[in-house]
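Engineer: Below are the chains, spelled out letter by letter.
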Amino acid sequence: MADLSLFAGAPPVAGINETLGQWAENFIGVFRQGAETFVGLVVGIIPLLIILLTAVHALIKMIGPERIDRVGEMAGRPGLQYYPIRYLVLPVLAVFFLTNPMCYTMGRFLPERDKPAFYDSAVSFVHPPLGLFPHVNAGELFVWAGIAAGITTLGLPIGDLAVRYFYVGLIVIFMRGIVTETISRIMFARRARGDEEPEVTAPAAPEGT
Amino acid sequence: MDTINAFLNRIGRGVGGVVGALYQAGRESIDMVIRNVLPFMAFISLIIGVILATGIGEWIADRLTGLASSLPGLLLMSIICALPVLSPLLGPGAVIAQIVGTLIGVEIGQGDIPPQYALPALFAINPQVGCDFIPVGLSLAEAEPETVEVGVPAVLFSRMVTGPAAVVIAYLFSFGLYTG
Chain A
36 MADLSLFAGA
46 PPVAGINETL
56 GQWAENFIGV
66 FRQGAETFVG
76 LVVGIIPLLI
86 ILLTAVHALI
96 KMIGPERIDR
106 VGEMAGRPGL
116 QYYPIRYLVL
126 PVLAVFFLTN
136 PMCYTMGRFL
146 PERDKPAFYD
156 SAVSFVHPPL
166 GLFPHVNAGE
176 LFVWAGIAAG
186 ITTLGLPIGD
196 LAVRYFYVGL
206 IVIFMRGIVT
216 ETISRIMFAR
226 RARGDEEPEV
236 TAPAAPEGT
Chain B
364 MDTINAFLNR
374 IGRGVGGVVG
384 ALYQAGRESI
394 DMVIRNVLPF
404 MAFISLIIGV
414 ILATGIGEWI
424 ADRLTGLASS
434 LPGLLLMSII
444 CALPVLSPLL
454 GPGAVIAQIV
464 GTLIGVEIGQ
474 GDIPPQYALP
484 ALFAINPQVG
494 CDFIPVGLSL
504 AEAEPETVEV
514 GVPAVLFSRM
524 VTGPAAVVIA
534 YLFSFGLYTG
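So the protein lines, in turn, are chains A and B.
The first sequence begins at 36 in this note's numbering and counts up by one.
The second sequence begins at 364 in this note's numbering and counts up by one.
This is chain A alone, in the form it adopts within the complex (with noise of 0.2 Å):
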């Protein structure tokens, strides 16, 4: 660009049109920007996703979640060896086949002091497999491809950090299970416990509630 300031020599002083040419410019930089990683979202991620998600989609029809049913009655069976069916076996097929946020309603079949641990279990499970199978969430899918987009960048495959996901989230939907149903076994206990006592400073009930 031709200096046009008329002190030659001077620094050149950008003219008024330059200086909004200049801002507008940059404006418009940052759009441009999140229009290229748009771009590269729905080229690279929503033909595969959508090709995924009716393949399985079509599988569940088929199969019917009926099906899937009787293995939550199995889970709600007492004893140490249903451990892992009822924060396994159960959620993983839940998620997979139901998805989020059908999935919690596999527990209806556990018994009651089971249900906060499954919906524990079966939540943490609702993002690990995304790396191989976005169609259980797909509506939050960045929690994986966010991270999984940086992987991309440094020209690494993400197939090995998908997989690795995907068993770190079997050993913590499990840990979780158990944890959570510990926990909420001690609560019940104390308010069974609190229950039998009579409440000698019982509030009186509002009336008219």
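Derived by calculation from the structure, the hints in this document are not laboratory data.
We put the CB at the ideal spot given by N, CA and C, even for glycine.
Take the hints with a grain of salt, since some may be wrong.
Unchecked claim - Now the stretches of chain A that chain B is said to cover, found in silico as 3 or more residues with beta-carbon under 8 Å:
#: 1; region: 189-195
#: 2; region: 202-216
To be verified - Restraint ranges, calculated between C-beta atoms of paired labels, are given here:
#: 3; chain 1: B; residue 1: GLY429; chain 2: A; residue 2: PHE66; range: 46 to 54 Å
#: 4; chain 1: B; residue 1: ASP365; chain 2: A; residue 2: PRO192; range: 31 to 39 Å
#: 5; chain 1: B; residue 1: GLY380; chain 2: A; residue 2: GLU71; range: 39 to 47 Å
Since chain A is already given, all that's left is putting chain B on it; use the hints.
Structural biologist: Just chain B now, kept in the frame of chain A:
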């Protein structure tokens, strides 16, 4: 003739059922993409655009990088997210986890956070998963009101333990990831 007719009829019904199921499945997935995935991508793209094109992201990123590139930092992040007061607020729609995950992803892409921290980071950003949804989730499981009263605090307290524990497990499992 009747047997052939019956046979063709059965085939026709069978094929119709399969095609119908596939078509319905396609409709559901397109619905899902348009209603949930694309809006979030637009939103995330705008945020990434602002972060990359302006300097705003650097301030947040500096702190995030500090936290997300060491095990104690990730543990601290998971403990903060798992605080029973905060976790129900951070939970809805996993929006916070998705934004923080995206920020960490950008930092990993720029080489500021080593890629092997991706696995523990995935758990560190998300100990609050579902903490906003406990009463609804339990109602979906047809739980009694007393179960909900016990269940909400039980899950929230459990996360204080299992949130950081998940980060440690993920850290152990990240050995050998992207270091070869």
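Engineer: Holds or violated: 31 to 39 Å for the Cβ distance of ASP365/B and PRO192/A?
Structural biologist: At roughly 59 Å between Cβ atoms, PRO192/A and ASP365/B fall outside 31 to 39 Å, so the hint is violated.
Engineer: Under 8 Å between beta-carbons, do enough residues of the region 189-195 of chain A, three at least, approach chain B for the coverage claim to hold?
Structural biologist: holds (count 3)
Engineer: Looking only at beta-carbon atoms, does the pair GLY380/B, GLU71/A fall within the given range of 39 to 47 Å?
Structural biologist: Cβ of GLY380/B to Cβ of GLU71/A: about 44 Å, so the range 39 to 47 Å holds.
Engineer: Apply the coverage criterion to the region 202-216 of chain A and chain B: a residue qualifies when its Cβ sits closer than 8 Å to a Cβ of the chain, and three qualifying residues are needed.
Structural biologist: As far as the region 202-216 of chain A goes, the hint holds, because 8 residues have Cβ atoms under 8 Å from chain B.
Engineer: So does GLY429/B sit 46 to 54 Å from PHE66/A, Cβ to Cβ?
Structural biologist: Cβ of GLY429/B to Cβ of PHE66/A: about 30 Å, so the range 46 to 54 Å is violated.
Comparing the model with each numbered hint stated earlier shows that hints 3, 4 do not hold.
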